[in-house]
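Start from the sequences, fold in the hints, and give me the full structure.
If you read the protein sequences in the order shown, they are chains R and C. Last residue of the first sequence? That's 352 in numbering that gives the first Met the number 0, and every number before it is there in order. Last residue of the second sequence? That's 267 in numbering that gives the first Met the number 0, and every number before it is there in order.
Everything hinted at is true.
Simulated DEER-style distance windows between Cβ atoms: (1) E133/R / S188/C: 28 to 34 angstroms; (2) R256/C / Y294/R: 56 to 62 angstroms; (3) Q150/R / S188/C: 17 to 23 angstroms.
To be clear, the hints were calculated from the coordinates, so they are not data collected in a lab. Using N, Cα and C, we set each Cβ at its ideal position, and we do this for glycine too.
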Amino acid sequence: MATQTLPERRSVSATIPSAVDVRLLGVRKTYGDVVAVDRVDLEVEAGEFFTLLGPSGSGKTTTLRLIAGFERPDEGRVELSGVDVTSRAPYERDVNTVFQDYALFPHMTVADNVAYGLRVKNVPRAERRQRVHEILRVIRLPDVGDRKPIQLSGGQRQRIALARALVNAPKVLLLDEPLGALDLKLRQEMQTELKRIQREVSEVGITFVYVTHDQEEALTMSDRLAVFNEGRIEQIGTPADVYEHPATEFVAGFVGVSNVLERDGRRFTVRPEKIQMHLDGTGAGEPGRIRDVVYVGMFTRYVVELDSGGELTVVKQNLETSSTDALESRGRPVRLEWRPEHTFDMERPGGQA
Amino acid sequence: METTATRISLRIWTLLVVLFLWIPLVLICVYAFNSSNIQSWPIAGFSTKWFDTAWHNQDARSALVLSLKAAGFATSIALLLGTAAATAVSRFRFFGRDTITFLLVLPIALPGVVTGIALNSFFSNNPIHHITPSLRTIVIGHATFCIVIVYNNVVARLRRTQTSLTEASMDLGADGWQTFRFVTLPVVSTALVAGALLAFALSLDEVIVTTFTAGAQTTLPIWILGNLRLGQQLPQVNVVVFFVIVMTVIPVAIAARLTRDTGILRRR
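Dropping the structure here:
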């Protein structure tokens, strides 16, 4: 049915070997009256680290589950490597998932957990053992094979969940907030680790589709990312793209700090680190007054109320300023200056999506 | 804030309740070893001779065999249907799900008399086929409450199990049957054993439903009741009751152990 309405797409993907691993076409999913995913189009290229970023309830996890096959879309279709898999069961798709709660089988040893995918596909025992051994080495937990999942720490379980998916060498690896349950330090370690693992297994070319609500995580890890809001994609681009050229006000606010001003009928945003703040309150730039100061150690965040309306957040590195200097500047008149090329026009909210 | 006085009186009260529940049971077990055939306290002397007599009592034996058969079959049916129902109810959302849950659990709340009369009338008066009382009718009667026991145990276990486990299994390439065989079944296995033991124990000493469905057949509890009513072979009855107590307490204790924590899922 879907192929009839899109004949040209089909012939293209049938003749040219596609470099696109995951393609969503007009995918829509509703639960009763709630629209979880609203006509999403998405293309993830082979070997890419692609992130679905958005607040909770924005449809990013549902999108991931549609790719995995746990959910069927009401409309639209899902393609993997150019093949329509919309109506295929999860076990008929060449994707594997790392679950948020890890979903390790509690009654099996770590080695049996990791070998599970190979076992149900009738891979011979010797090869199974070899590949499990190999992947446990890649995730740097070579000696835990005989333990039960319950005997591992959170970080270790996370790695085993990763190994259990990777051992099958899927075309696409789906990761559903895999670091969400870890503490900050471990999370940062695992971010670097995930990138290393993707590089290490990249000869087989595994595409990572990663779900997170953490914008910093999305910016540091992704090759490209899609920003979700209320079931729709607001913007797709590289981290630098999305951060420096946010397409909508929502993206500007969700990825980084929302610094939106309206001047002469023009709505635009400036990133806080691109703004110069003159503390003497004279000279060029817009006049304003420091309303709030947050000392963050490496830098200080100032919230400045502008005389001509609106407020901007400014970030300054603490090169010479001490925390007392910074905190004493509250209430002082300042001037803010930024280069026109560092401002980006916003669509009006709700105007068009 | 409880005072020492309330704490002590609570303990005494608890003790009294436990004694109230257990003294009759202990008493009958003691009587089973009574050397005299007249029940009086204290017992005349210690003897195991009634065990020998009871063992060679043909009526008691055939009653025991019938009871074990009925309990065995009823438990098997309950395992099959109870597990299937529990899996369906907890894994899928479908029309009438709540109604089915209610209908499944209802038989255990219904008085045995109601179940008994309903079944009896159905067996003898249904328009399709008249069913004469047999092992089959006893098994059907017992299965009505055994299914609930297994169902409840399995549903509770599945509720404590991450739903993502079956998704993970499917995601790793296992189809529905493999997922059930390798993941669902092992995860619920201790709940199954516990449910089966409880169901077996319940079936073994069931009287009311059995009375309405057994016809002229005699299960062990019915044999006991019959003898008690006629005041016959009382020393042997004590021995058989002792045996039934043991046969019931052991499986129930094991079942309680298996479900005390989450079984295989328990923390170290």
